[in-house]
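Asker: Go by the hints and put chain B onto chain A.
Protein chains: 2
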Amino acid sequence: MMKTDVKQKILREGARLVHRKGFHATGIAEVVKAAGVPKGSFYFYFDSKEAFGLELIDTYARVIGESARIYLLDESRGTVERIRGFFGSFVDFLQGNDFRDGCPIGNLCQEMADTSEPFRKKLETVMGTLQLNLADVVSEGQKRGEISTDLDSEATADFLLSGWQGTLLQMKVKKSRESYGAFEALMFDRVLKPV
Amino acid sequence: MMKTDVKQKILREGARLVHRKGFHATGIAEVVKAAGVPKGSFYFYFDSKEAFGLELIDTYARVIGESARIYLLDESRGTVERIRGFFGSFVDFLQGNDFRDGCPIGNLCQEMADTSEPFRKKLETVMGTLQLNLADVVSEGQKRGEISTDLDSEATADFLLSGWQGTLLQMKVKKSRESYGAFEALMFDRVLKPV
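Chains as they are written, first to last, in our numbering: chain A, 1 to 195; chain B, 1 to 195.
Among the clues, some could well be false.
Note that the list lumps identical chains together, so a pair holds whenever it fits in one copy or between two copies.
[What the hints assert, rightly or not] No more than 30 Å apart at the CA atoms, straight line, and that leaves these computed lysine-lysine pairs for BS3-like:
{"#": "1", "residue 1": "K174", "residue 2": "K49"}
{"#": "2", "residue 1": "K39", "residue 2": "K175"}
{"#": "3", "residue 1": "K9", "residue 2": "K39"}
{"#": "4", "residue 1": "K174", "residue 2": "K33"}
{"#": "5", "residue 1": "K9", "residue 2": "K143"}
{"#": "6", "residue 1": "K193", "residue 2": "K33"}
{"#": "7", "residue 1": "K7", "residue 2": "K175"}
{"#": "8", "residue 1": "K174", "residue 2": "K21"}
{"#": "9", "residue 1": "K121", "residue 2": "K143"}
{"#": "10", "residue 1": "K21", "residue 2": "K143"}
{"#": "11", "residue 1": "K193", "residue 2": "K49"}
{"#": "12", "residue 1": "K7", "residue 2": "K143"}
{"#": "13", "residue 1": "K39", "residue 2": "K174"}
Treat the hints as calculated values from the structure; they're not laboratory data.
The following block holds chain A by itself, in its conformation from the complex (with noise of 0.2 Å):
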């Protein structure tokens, strides 16, 4: 194997493993022996577990901005039509695994949080880049009257995140799309809907 895929599976496998289990939860040697690579492989890559979990904030972070790019950015589309497949496409998703896992940027952030304030800050800055892009599609949305105007972009979008952030907990908890049902009726038909 290239050096390069050795860093890619470890990674690829580390992501799968801590979006299911969780940072503190996923041992090294779980990650080495999924990957089948070498233990000491790990160290030549990552200076320690931490440096590990902060390349795979960027691993999350990469997926997360394919698909803002495919859903927020498809111009053929509505503004509302593109938020609304931004998110359904991903419970459509975890409908499939039934409701597990989650977000994995969301879970890092709970988990996270505060205990590390090299994660603290770049988890923080990861929702902020999706802050802005839906900010940018709720402000386009505003232009084209498909979005009422008397919202705050950012404000909005913030709270765009909030909301969908809880919806995505109370549906692991619940096992049902039930509240990703009462987040689109409210969020799309009542907050964003021009009044």
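Answerer: Only chain B this time, still in chain A's reference frame:
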């Protein structure tokens, strides 16, 4: 000490530690040390760490239920002010604590819902009770003309909980009450407001 005192001490220190560190990261040895009781006494009161965790959920639910009673059932205030007081008082508490820890029930939902079915069921019940309490206030607000009558009270209560839990997550990662500002502006002044 009376036997019940020992058990209450274990639960009180356990609740504090698990709120701060999470369930998996909190060891039984640490709990009994903090409680100042012999290690053996833990297994006199709890069959397992899981049984202890399930009683912790009751402990947290009692605190939340007490706060719900104080704020949500305060008939001297309008219904929206009651909901605002319920959430706002907790935000004030969190702010005094650098937005650490968040909601003990929300944290356990995140950490345990996929890992332990007894935890998941019990957490779902606690969230369901809070949702019902909120739905009752929404219904009452609708009768009093304080909350828009074209809202479904249960879906609105569900959405209140999602928005709230996500706001807690964002405050934890941003170390700021900014997201609660967005929550207040959009939830109270837009979603609940009579049209």
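Asker: Look at each hint and say if it fits the structure.
Answerer: Going down the list of hints, with the structure as the test:
1. K174 / K49: For K174 and K49, only the inter-copy Cα distance (23 Å) is at most 30 Å; the intra-copy one is 32 Å.
2. K39 / K175: neither (36 Å within a copy, 37 Å between copies)
3. K9 / K39: within (13 Å within a copy, 43 Å between copies)
4. K174 / K33: neither (33 Å within a copy, 35 Å between copies)
5. K9 / K143: neither (44 Å within a copy, 59 Å between copies)
6. K193 / K33: neither (50 Å within a copy, 55 Å between copies)
7. K7 / K175: Classified as neither; 34 Å inside a copy, 33 Å across copies.
8. K174 / K21: both (19 Å within a copy, 24 Å between copies)
9. K121 / K143: neither (33 Å within a copy, 45 Å between copies)
10. K21 / K143: neither (43 Å within a copy, 45 Å between copies)
11. K193 / K49: The answer is neither: 45 Å in one copy and 48 Å across copies each exceed 30 Å.
12. K7 / K143: This pair counts as neither: shortest intra-copy Cα distance 45 Å, inter-copy 61 Å.
13. K39 / K174: Intra 38 Å, inter 35 Å, cutoff 30 Å: neither.
Going through the hint list in order, the structure does not satisfy hints 2, 4, 5, 6, 7, 9, 10, 11, 12, 13.
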